[in-house]
Structures are given as structure tokens and as C-alpha cells.
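Position chain R against the provided structure of chain D, taking the given hints into account.
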Amino acid sequence: MNACKLTYLAGPAHKARMELRKIGPAGAARSLMAGLGLSVLSGCISVTAPDKPIVIELNINISQEVIYRLADDAENTINENADIF
Amino acid sequence: MAGLMHPLKRTHIAFAAALGAVALAGMAVPALAQRDPAYEAARSAGQIGEQMDGYLGIVGASTPSLERLVKDINIKRRALYAEKARAANATLEEYAFTAGCLNIARTAAGEKYQAPGGAWQTRTGAPPQRDPRCP
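Order-wise, the sequence lines are chains D and R.
All letters in the first sequence, in the order written, are residues 405 to 489 by our numbering.
All letters in the second sequence, in the order written, are residues 203 to 337 by our numbering.
Hints should not be assumed to be uniformly reliable.
Computed footprint of chain D on chain R, listed as stretches where at least three residues anywhere in the stretch have a Cβ under 8 Å from a Cβ of chain D [to be verified]: (1) 236-249; (2) 272-279; (3) 291-298.
Honestly, the hints are just simulated from the structure, not real lab data.
Built from N, CA and C at the ideal position, the CB exists for glycine as well.
With the rest of the complex left out, here is chain D:
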């Protein structure tokens, strides 16, 4: 039975570009070889990093309802702290 140890040799599933640069060509080649070796075995999942940067839109979950509820309060806060606004 072939066991496929994804945790062995292979790096984390997601690797940022900077990290790839840091390990250099030798390291990249090594992980490429490891990746090839693993992909030859059946039942392995190959994970490729997305070519676009991942942007997490944190503001998307804020509802208009909440904003309207907080508007008066925030207005007062801004007025009372005019030195930092």
C-alpha cells in the first residue's frame, strides 16, 4: 500500500511568493521535485498557489443597518474628539 505523506518534504499548502523567493532556486527545485514525486503517486492532491494575491474584504460583512444605527453615536464621538479627526 502506498502511503502519501503530505506533511513530509512538501511545504505548507499555501506558500506566499516572498517565501518562495526566500528559499532560493535550490529550495524551489527541491520542493518542485518533492511535488512531482508526490503527484506521481495515486491519490495525492496537488495544490497550486493562486497567481493573484488573496484580498480579504473585511468590510463586506458590515450591514447598512448597523452603520445607520451607529451614525449618530459616531458623529458625537468625532465632534467630541476634534483633535484626532
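Same frame as chain D, now just chain R:
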């Protein structure tokens, strides 16, 4: 002890306490502090702008003094947002975003603000481009 009082009496006491609190709050209004001249100058020069998230950002080239200025104010804003958000039962991000809407609306002509697409804009006499959720 309060539990033994007549309900009407309790209401009166609560009302009196509320009146007292209002009077105290009225007296405790501090002289409104104004913007630091360096902050005011950086704003009008368009070196720093209001972001959608409720904080200040550096618009063009960064300098150590600009960074210090922005960081200092943003730390104070964050502490204030956190405190007020807790009191209003909202998250820090919700409160900060709401303040961001207002901060952008209050920019003066010539000052910079962040449009919904993320790009910096210069405020003109026209209303600023804001997130559709802004009040």
C-alpha cells in the same frame, strides 16, 4: 433595599438620578481640542487622507514624521472606536467603518479621501464618492 420601595418612588429616584447625570455631563464638556498644526498642514497638503476603514493613511511618499503622525492618531482613534463600539454593542470594525463614512463626508475641499475602489481622491465641492452603505 430598593426592591422594597414603591415602584413609583423608584421611578422618581431614577428620574432624579438621570437629571443629575445630565447636569453633570453638561458641566463636564471639555474645551474642544483642535487639530495639531502639523496634522492640519499634512491634511490640507494632501499628504494624508481619510480611509474608508475610519483611519488615516499616507497618500504619496512616506516620511518618518508623516508615519509617526498617522500612527499616533490612528492608535488614538482605534482606542476610541473600541471603547465606543463596546458601549454601542457593535464591533470595532463596524464602528470604525461608520466613522470612516463620516470622516470622508467631513473632508474639506483639497483634502484626500479613499474612494470605494480604494484609490485616493481629492475632495472637491461635490459630495465625495462613498460606500453605498454610508448614511
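How the hints compare with the structure:
1. Beta-carbon proximity to chain D at under 8 Å applies to 3 residues in the region 236-249 of chain R; the threshold of 3 is reached and the given coverage holds.
2. Only residues whose beta carbon comes within less than 8 Å of a beta carbon in chain D count, and the region 272-279 of chain R has 3; three or more means the coverage holds.
3. Given as covered by chain D, the region 291-298 of chain R passes the check, having 4 residues with a CB less than 8 Å from a CB of that chain where 3 are the minimum.
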